[in-house]
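Q: Given only the sequences and the hints, what does the whole structure look like? Please build it.
Number of protein chains: 2
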Amino acid sequence: MGKLLIVGTVAFDAIETPFGKTDKILGGAATYIGLSASNFGVTSGIVSVVGGDFPLEYLDMLNDHNIDTSGIEIKREGKTFFWSGKYHNDLNTRDTLITDLNVLADFKPKVPENFLDCEFLMLGNLHPSVQMEVIKQIPVRPKLVVLDTMNFWMDNTWDELVEVIKKIDVITINDEEARQMSGEYSLVKAAQKIHEMGPKYVVIKKGEHGALLFNEENVFFAPALPLEEVFDPTGAGDTFAGGFIGYLASSRDISFSNMKRAVIYGSNFASFCVEKFGTERMADLSQKEIQNRLKQFKELTQFEIELS
Amino acid sequence: MGKLLIVGTVAFDAIETPFGKTDKILGGAATYIGLSASNFGVTSGIVSVVGGDFPLEYLDMLNDHNIDTSGIEIKREGKTFFWSGKYHNDLNTRDTLITDLNVLADFKPKVPENFLDCEFLMLGNLHPSVQMEVIKQIPVRPKLVVLDTMNFWMDNTWDELVEVIKKIDVITINDEEARQMSGEYSLVKAAQKIHEMGPKYVVIKKGEHGALLFNEENVFFAPALPLEEVFDPTGAGDTFAGGFIGYLASSRDISFSNMKRAVIYGSNFASFCVEKFGTERMADLSQKEIQNRLKQFKELTQFEIELS
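Protein chains in written order, with this note's numbering: chain X, -15 to 292; chain R, -15 to 292.
There could be a bad hint or two in this list.
Since the list can't tell identical chains apart, any single copy or any two copies may satisfy a pair.
[Said to hold, decoys possible] List of simulated lysine-lysine pairs, BS3-like, C-alpha gap at most 25 Å: (1) K184 x K282; (2) K279 x K190; (3) K120 x K173; (4) K173 x K279.
To be clear, the hints were calculated from the coordinates, so they are not data collected in a lab. If you're wondering where the values come from, they're calculated on a predicted model, not measured in any experiment.
A: Given below as structure tokens:
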């Protein structure tokens, strides 16, 4: 198995959906990525920062999932990053109510000694200069570097984003962001333009409409599992990314055919994530549930037609 | 092979997309359905009505595709149904500019003698009482009846629509229409509610986001092929339906696993339809092109994961 390093937020979220609302609960990109990847039993570590208000039991929970938290800096005098949002009735759109950066405002990432030899690096959605700083600290280039980003960084830190994107292998972004980044409406053309910016692989996340994986020659599509009820979409994209890189790290195979499987695992885990608030579902997922849902994915997508 | 009867509009369309505009060209649901189904070499016939302005060469073209046009009534004193629309830049939405019902306003369908024994019946998007009238004229219930409809009939002829839906096997509608029809946002729940209204099979068309096939136990998903350029979406839904029922009619197998293949063929043909204006692409499609694109669909969707 390849050692996996995850850089991203560990945070408090307060979420409101049509089905209810939460107080401050555990959230953050690195949290979701780590929990998702943990289903493959990979050795992973998180680089992040939290404040003195962060409950130790959350760190314990991450440790229980085989996630090394020594890279999570604890600034006792500061407060943990806090995001609050309210989803609209269709759950496809949301309003951000509060974004308190707190200790994240002057975050200086530091890769722990024991992860300087990581083979797989997941750069969660963060300021591109933080993502770049982590790349610089790792002496031997990892086997695979995956980066997630969002429209906020395209709007505000475009030049830094362009620089870090040159150094990675896989970018994961949503469809609107792919269009913004490339200036192309067609996602096929958008992926081509983004390839030219650096990444050999482009993953376009379309939420309930699934995800596309492109390299320069091939394209693969994984649908989202049609669900009776989506309860809370928070973290679904990060859970997808965690399943993707977690599977690749566990198998140490970065061929396109293996990446297809990784995309299916990402979609599989994301379909669990949205069933309950926050990390609740992901913190407690059995191998049997995963296998049963994998069977559903096969039934949903696999067909037999002889080519003549 | 099962004999296929298609009821629907044969029309003139004038289309404007960001890529150009057309004068009055051949259009109509039955036209697209028939051309699409013709790729399987099935014996098919159309029940429709046109005016004296309808060019004979269009009828010839349909005949050349092995489509019986004896059920297309020609009202020489009237004018052919005319629709004109303009697509927005994203091609996902459009404005209807003109709808001239003309001879369609008092259309009384008449199934020709030689199609009274049809095994497969496709009721294209039309007034539900016209759809019902066709069902009544056929003495022995066909093996499979597929119905397409739209929000206009839900808004204006709900009671008639509910009656005809009780008598069919498969309904094809788009996602927004499925939500309107069922009052459910979740497409899984929407399909369940629509099953209760009659149809054993529900096909939900999501345009560029693919199509879902439900029966009461199973669900299957076919993506739309990601294309560099969508030129004109007109007729894509009817082309999908024509591929679906055409494949079923040619194989005479209405098992769920065969319906999966039918949905893939529907998506396959729809991906060609949108590449040129109107019926241009569908009127001239080779088996080699179809097979090559089928290969693309397999590469796009098929993966190998062992279940444990």
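Q: Could you tell me which of the hints above the structure violates, numbers in ascending order?
A: Violated: hint 3 alone.
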